Amino acid sequence: MVTQISIFLPNRPNQLAKVTGILMKEKVNIRALTVSETSDYGILRMIVSDPDKAQKVLQGSFLVDQTDVIACALKDAPGGLNEIATVLGDSGVNIEYLYAFVGKATQAVLILRVENQMRSKAIDVLGNAGVRIYDPEEIYSM
Amino acid sequence: MSDQVRYWAKEIETMPRAQLQDLQLRRFKELATRCYTKVRHYKQKFTDMKITPDDIKTLDDVKKFPITVKADLRDNYPFGLFAEPMENIVRIHASSGTTGKPTVVGYTKHDVDDVWTETMARSLVCAGVWRGDVVQNAYGYGLFTGGLGAHFGCERIGAAVIPMSGGNTERQIMLFQDFGSTVLTATPSFAAYLAEIIKQQKIDRKLIKLHTGVFGAEFWTEKMREKLETAFAEVNATGKFNAIDIYGLSEIEGPGVSNECIFKKGNHIWEDHFLAETIDPKTGEPTAPGEPGELVFSTITKEGIPLVRYTTKDITSLNYEKCDCGRTHVRHAKITGRSDDMMKIKGINVFPSQIEYVLMKIPGVAEHYEIIVERDILDKIKVRVELTPKTFSDSMAELENLKRTIEKELYTTLQINVAVELVAPNTIPRSIGKAKRVIDMRKEG
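Chains as they are written, first to last, in our numbering: chain U, 806 to 947; chain Y, 244 to 688.
For the record, the hints were derived by calculation from the structure and aren't laboratory data. Given the structure is predicted, the values throughout are model-derived calculations rather than measurements. Fair warning: there could be bad hints in the mix.
[Unchecked claim] DEER-style ranges, computed between Cβ atoms: (1) Y:607 x U:888: 37 to 43 Å; (2) Y:584 x U:843: 48 to 54 Å; (3) U:895 x Y:644: 48 to 54 Å; (4) U:912 x Y:607: 37 to 43 Å.
[Said to hold, decoys possible] With a Cα cut of at most 30 Å, we get these calculated BS3-like pairs of lysine-lysine: (5) Y:306 x Y:470; (6) Y:565 x Y:470; (7) Y:272 x Y:286; (8) Y:525 x Y:449; (9) U:832 x Y:625; (10) Y:556 x Y:352; (11) U:823 x Y:625; (12) Y:483 x Y:449; (13) Y:306 x Y:525; (14) Y:281 x Y:307; (15) Y:508 x Y:306; (16) Y:587 x Y:604; (17) U:823 x Y:646; (18) Y:483 x Y:466; (19) Y:253 x Y:625; (20) Y:525 x Y:300; (21) U:861 x Y:306; (22) Y:556 x U:858; (23) Y:589 x Y:442; (24) Y:589 x Y:508; (25) Y:556 x Y:483; (26) Y:286 x U:830; (27) U:823 x Y:633; (28) U:926 x Y:633; (29) Y:508 x Y:344; (30) Y:646 x U:861; (31) Y:633 x Y:288.
Positions of the beta carbon are idealized from the N, C-alpha and C atoms, including for glycine.
I would like the entire structure built from these sequences, with the hints used as guidance.
Below, the structure written as structure tokens:
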């Protein structure tokens, strides 16, 4: 399971720079990220090269949480996401949020957050449908 | 019309002070007797202090009696301080307590008819309202005493009352024009808002007949009076407007405890019903006329929930000089502040302790919070709450749920909308000693 880092960011200038500054100094590489926002705050979610280290160096300054997410291969072609969404939907797995990044070659990587109790089911149905699930180490060092 | 001195009960309102004091002495004795014989709380208090109603020989003896505080009402929630059985109670109102439970008051028919409606009628006439006036009552109707108190006072004097209640700005402005309202009863902040909207909408000033505003349920200043009088005079038919202060609190009766006359030199307290004193907030000792102190009332004619020396915590001073209007009843100056931390927001009392009570009930909310009050014409209140590692997750839905839960709980307790802002840990400044929880950014007035 891939570990995602989530950070609570007040909606003010320089908050993101503070996070990235710390990660730069600690030589933690960001693989992928997404931000959700309200008028008051945002949540920055990241896949990084070393989630435990990221948590350790950030938690003095920020609210940080770790969440298990699924990283799976996404065909970088029309219908790629549709295939995965259909497989999960047909199995009654609700996707809470997702984001993607382009990995190597023609594969994109999809980060999926589903309800905790649905996670192993999601992995099973995706695996049965021939979708490749990545190991954490592959993602962290990609 | 509004510059003519009129009385509702001339004989009483202009009664020589010596005679008024005789009446007060007799009535205070009756009050003490009612409390002693009918209310366990007072029986106990008087006994502890080794006093009985028989110890009252002069008005000076009043100060031997215990002060009643809001907490006494809370400790006897809901009806413990009522002196009459429910068969004799005809109305129940409630206002904010200091925590989750409201402060409850009950009225007998006599309290409603002969005390509250009577003093409210006097207050309106004192303010320059009369039969023939059309009063648009924009105080909230409900558990809050403002709406119904003003309403029955209007009917008593024969004015036509429009029970409009608060809010609903567009309709308020439509009725000003269509019904030709001549008097507005509202909180000063809402009145200021209405004046601004009338101006913005460039309404034909011939249609705006308002000549007087009876404004209260919030603290306001002379500066605010100037602002309100100018704002309405700019948009109404006559180019003249009186902004008059009304004062009251549900524990004593609701609006109409005191009211300014058209000379606007302090609020006349209807002393044949409410015996007023000012006390030093620290020592509890009476302060001299003209000296600031907490305003204290004994409800000398009330039956439902008679109170001995109830402290309002409002800071003001008393002026016993006869007024230009001919009334002899003592005047209090504009309320300059509170000796506790109660805030008035949109006419509603709010205690920081109520907000704390709500927050502490919600799991995962840190003890660090701050209350921000702003006036963007209308009052706005926001509570900033620090998140904890326990409440934070990657799920925005959960955070938004937490925010909505806090907002809902705050509404349930306070009966006003509070915006909640979730903030990161250590965002709210820590202070040494008593935490400064409230930031009131409302400008002067």
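Q. Is it true that the CA of residue 556 of chain Y sits at most 30 Å from the CA of residue 352 of chain Y?
A. Answer holds: residue 556 of chain Y to residue 352 of chain Y is near 28 Å, not above 30 Å.
(Q) For residue 272 of chain Y and residue 286 of chain Y, compute the direct alpha-carbon distance and say whether it is at most 30 Å. (A) holds, 14 Å
ask   = When you check the alpha-carbon spacing of residue 589 of chain Y and residue 442 of chain Y, does it fall within 30 Å?
value = holds, 22 Å
Subject >> Pair hint outcome, residue 525 of chain Y versus residue 449 of chain Y [Cα-Cα no greater than 30 Å] >> reply: Answer violated: residue 525 of chain Y to residue 449 of chain Y is near 53 Å, above 30 Å.
- Decide if the proposed pair is consistent with the structure: residue 832 of chain U and residue 625 of chain Y, CA atoms, cutoff 30 Å inclusive. Cα-Cα ~40 Å, so violated.
Using the C-beta atoms of residue 912 of chain U and residue 607 of chain Y, is the stated range 37 to 43 Å upheld?
holds, 40 Å
### Message
Given the hinted pair residue 633 of chain Y and residue 288 of chain Y, is their Cα-Cα distance within 30 Å?
### Response
violated, 47 Å
Q. Residue 508 of chain Y and residue 344 of chain Y: Cα distance at most 30 Å?
A. It is violated: about 37 Å lies between the C-alpha atoms, which goes past 30 Å.
Practice item. For the pair we were handed, residue 286 of chain Y and residue 830 of chain U, check the Cα-Cα distance against 30 Å. Key: violated, 72 Å
Q. Residue 587 of chain Y and residue 604 of chain Y: Cα distance at most 30 Å?
A. Roughly 23 Å separates the two Cα atoms, so the pair holds.
Notebook entry, point to check: Given the hinted pair residue 281 of chain Y and residue 307 of chain Y, is their alpha-carbon gap at most 30 Å?
Noted result: holds, 20 Å
Notebook entry, point to check: Does residue 861 of chain U pair with residue 306 of chain Y here, judged by a C-alpha cut-off of 30 Å?
Noted result: Given pair residue 861 of chain U, residue 306 of chain Y is violated - Cα atoms ~64 Å apart, limit 30 Å.
Against the hints set out earlier in the document, violations occur for numbers 2, 3, 5, 8, 9, 19, 21, 22, 25, 26, 29, 31.
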